[in-house]
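Top line first, the protein sequences correspond to chains A and B. Quick note, the first sequence lines up with residues 0 to 205 if you use numbering that gives the first Met the number 0. Quick note, the second sequence lines up with residues 0 to 335 if you use numbering that gives the first Met the number 0.
Hints were generated in silico from the structure; no laboratory data involved. Treat the hints with caution; some may be incorrect.
Cross-link-like lysine-lysine pairs, in silico, DSBU-like; alpha carbons within 30 Å at most [to be verified]:
(1) B:K136 to B:K116
(2) A:K182 to A:K106
(3) B:K193 to B:K136
(4) B:K136 to A:K182
(5) B:K116 to B:K55
(6) B:K272 to B:K227
(7) A:K182 to B:K235
(8) B:K193 to B:K287
(9) B:K55 to B:K136
(10) B:K37 to A:K182
(11) A:K182 to B:K72
(12) B:K227 to A:K91
(13) B:K264 to B:K227
(14) B:K208 to B:K287
(15) B:K227 to A:K106
(16) B:K264 to B:K235
(17) A:K182 to B:K193
(18) B:K227 to B:K136
(19) B:K37 to B:K193
(20) B:K182 to B:K208
(21) B:K37 to B:K235
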Amino acid sequence: MGEKVSEIVTASLRKFAVWCLAWAALLPHASAHRIDEYLQATLVIIEPGSIRLEINLTPGTDVAAAVLAQIDRNGDGVISAEETNAYGEALKRDLAVALDDRPVDLKLASAQCPSVDELRSGSGIVQIVFTVPPGVLTAQPHRLEIHNRHLPAMSVYLLNAGQPQFFNTAPPEAGSIEITAQKRSVNQDTGTIEFIFRPGANASAK
Amino acid sequence: MNCISLKRSLAAACVFSLLSLAQAQEPVAAPVAEAATKFLGLLDDTQRGQVVYDFKDEAQRQRWSNLPTTFVKRGGLRMGDLTAPQREAVHAILAAALSPQGYEKVREIVEGDETLKKPSGGPLFGHDEYYISFLGKPSGTEPWIIQFGGHHLGINITLVGGQGTLAPSHTGAQPALYEWEGKTVRPLGHETDKSFALMNSLDDAQRQKATIGSQMHDLVLGPGRDGKMIQPEGIKGSDLTEKQQDALLDLAGEWTGIMRDSVAKTKLEEMRKNVAETWFAWSGPMEKPGLAYFRIQGPTVLIEYAPQKLGGDPANHIHTIYRDPTNEYGAQWGKK
Chain A
0 MGEKVSEIVT ASLRKFAVWC LAWAALLPHA SAHRIDEYLQ ATLVIIEPGS IRLEINLTPG
60 TDVAAAVLAQ IDRNGDGVIS AEETNAYGEA LKRDLAVALD DRPVDLKLAS AQCPSVDELR
120 SGSGIVQIVF TVPPGVLTAQ PHRLEIHNRH LPAMSVYLLN AGQPQFFNTA PPEAGSIEIT
180 AQKRSVNQDT GTIEFIFRPG ANASAK
Chain B
0 MNCISLKRSL AAACVFSLLS LAQAQEPVAA PVAEAATKFL GLLDDTQRGQ VVYDFKDEAQ
60 RQRWSNLPTT FVKRGGLRMG DLTAPQREAV HAILAAALSP QGYEKVREIV EGDETLKKPS
120 GGPLFGHDEY YISFLGKPSG TEPWIIQFGG HHLGINITLV GGQGTLAPSH TGAQPALYEW
180 EGKTVRPLGH ETDKSFALMN SLDDAQRQKA TIGSQMHDLV LGPGRDGKMI QPEGIKGSDL
240 TEKQQDALLD LAGEWTGIMR DSVAKTKLEE MRKNVAETWF AWSGPMEKPG LAYFRIQGPT
300 VLIEYAPQKL GGDPANHIHT IYRDPTNEYG AQWGKK
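Work out the full structure, taking the sequences as your base and the hints as a guide.
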């Protein structure tokens, strides 16, 4: 009986070893792409009537499991729309955004998540968009401050302002935005974007 | 100015104008279309159906990446699935579309990937894992796009008549230094060397302006970021000396010069006109082999160069991107 159990265990271990080798063969060369970091890249698009934070989150292969645990909450290997949105809301709680020194409420505008396999491979990108109701911008300098505290132990960050004239979809009478300065912390988890709002011709006439 | 000098000047101006006209009218697309048609002639019907996409196929336009093909699937035909004459025909297309140095750079990136294949023995790397496709039918007059790429390479060449653009395209290197056919190869060596030379030519005040005081962990507008543009940073071209401006354009020429000479020359002339409005930004040490990121951004160009700390030696793993905010996939030329 003992020998039989031992044989079964040995056979199982052999199968496991073969499976591991097969899996290792399928894995990319270790240095092929991001491994032990979670890249969180934020693009801040400021328009006369809206402010948008587009955040692309790319987990490396070594941290993918930890990130997946945050997204696939029921652990069924499938990421549902509800789980994706819940992750977006969790990310929102880790972001502190202030416009002219006043905290603003972010609104989750969209959240998209690739498959579990894509995330595990290091090629999957979680894409989350938040909007900020800017209220009525006055024709003066403004400051938008952003602090990202999401999973800091494993993360690296990029924070950039979009070029307003490239994105501006508002009609000329809505006015225009000019970015005057971008300041970031060394690791880019925190940054300030200074900008000026110039009202359109109609608004000036009023 | 005396009469003889005036006549000489006028003659020189006429010759210059004629040369410019000849250059503008040089049929850029036609010889490449001819090479592409020869390639199509070597394929069977199934392969022809797989390699040509509609010019407006947005999904295929965006199917390029820095990642290996097993992670981001490419469209078109896989080089490893082609016969030797078919593969030679693909190289003939690239040689016709690119400058000699551009074609060499592409080959060196691909051969660099081949060196990754040997240690693992897996199917993920190597020159078999590159794909060719066309968007639109190869033509000497109508717009069409050649896509060629795989791991660390994604070139999108849009051609129409006498015009062409490489935007958007990705080049990369891993390893950034290797031995091939008995010689030492650095696929992005000129980019690296020229950037450090430019940065070191700046005085203290200029350097301070050029330096981004934060770490750049990756490309900001790499593959998958079509349709975006960031606020320029760094030192403006108008704050550079004429010699430094020349060095900046020479550095940018490592990307614009991938295309065949007449296209590259036109692009460089356009960039020269805008040089005062072109920015140069730097993040990282100023001594090689440092992990230094840089960006060149002007009205019609965005170039980023980012070493990757993704395991191994970061200086041996580089990603770059070349974009034109005004003319991605030849958007200026109408038909889309």
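Against the structure, the hints come out as follows:
1. Pair hint B:K136 plus B:K116 does not hold up; C-alpha atoms about 34 Å apart against a cutoff of 30 Å.
2. Distance hint between A:K182 and A:K106 is fulfilled; the C-alpha atoms sit about 24 Å from each other, no more than 30 Å.
3. Taking the CA atoms of B:K193 and B:K136, the gap is about 38 Å. The hint is violated against a cut of 30 Å.
4. Restraint check for B:K136 and A:K182: the C-alpha separation of about 47 Å exceeds 30 Å, so the hint is violated.
5. Only pairs whose Cα atoms come within 30 Å are accepted, and B:K116 paired with B:K55 is rejected, the gap being roughly 35 Å.
6. A hinted pair counts as satisfied when its Cα atoms are at most 30 Å apart, and B:K272 with B:K227 qualifies at roughly 24 Å.
7. Note on A:K182 and B:K235: the hinted pairing holds, with a Cα-Cα distance of about 17 Å set against a maximum of 30 Å.
8. Of the supplied pair hints, the one linking B:K193 and B:K287 holds, its CA atoms being roughly 11 Å apart against a limit of 30 Å.
9. Of the supplied pair hints, the one linking B:K55 and B:K136 holds, its CA atoms being roughly 12 Å apart against a limit of 30 Å.
10. For the proposed pair B:K37 and A:K182, the alpha carbon gap of about 54 Å is over 30 Å, so the pair is violated.
11. A C-alpha spacing of about 38 Å is found between A:K182 and B:K72, which places the hinted pair above 30 Å, so the restraint is violated.
12. Of the pairs offered as hints, the one joining B:K227 and A:K91 holds, with about 23 Å between alpha carbons and a cut-off of 30 Å not exceeded.
13. Distance restraint check for B:K264 and B:K227: the Cα-Cα separation of roughly 26 Å lies within the 30 Å cut-off, and the hinted pair is therefore satisfied.
14. Of the pairs offered as hints, the one joining B:K208 and B:K287 holds, with about 21 Å between alpha carbons and a cut-off of 30 Å not exceeded.
15. With a CA separation close to 21 Å, the supplied pair B:K227 and A:K106 stays within the 30 Å bound.
16. A distance of roughly 22 Å separates the Cα atoms of B:K264 and B:K235; the hinted pair therefore holds under the 30 Å criterion.
17. Restraint check for A:K182 and B:K193: the C-alpha separation of about 28 Å stays at or below 30 Å, so the hint holds.
18. Note on B:K227 and B:K136: the hinted pairing holds, with a Cα-Cα distance of about 28 Å set against a maximum of 30 Å.
19. Only pairs whose Cα atoms come within 30 Å are accepted, and B:K37 paired with B:K193 is rejected, the gap being roughly 38 Å.
20. Of the pairs offered as hints, the one joining B:K182 and B:K208 is violated, with about 39 Å between alpha carbons and a cut-off of 30 Å exceeded.
21. Restraint check for B:K37 and B:K235: not satisfied, since their Cα atoms lie roughly 46 Å apart, outside the 30 Å limit.
When held up to the earlier numbered hints, the structure conflicts with 1, 3, 4, 5, 10, 11, 19, 20, 21 and fits the remainder.
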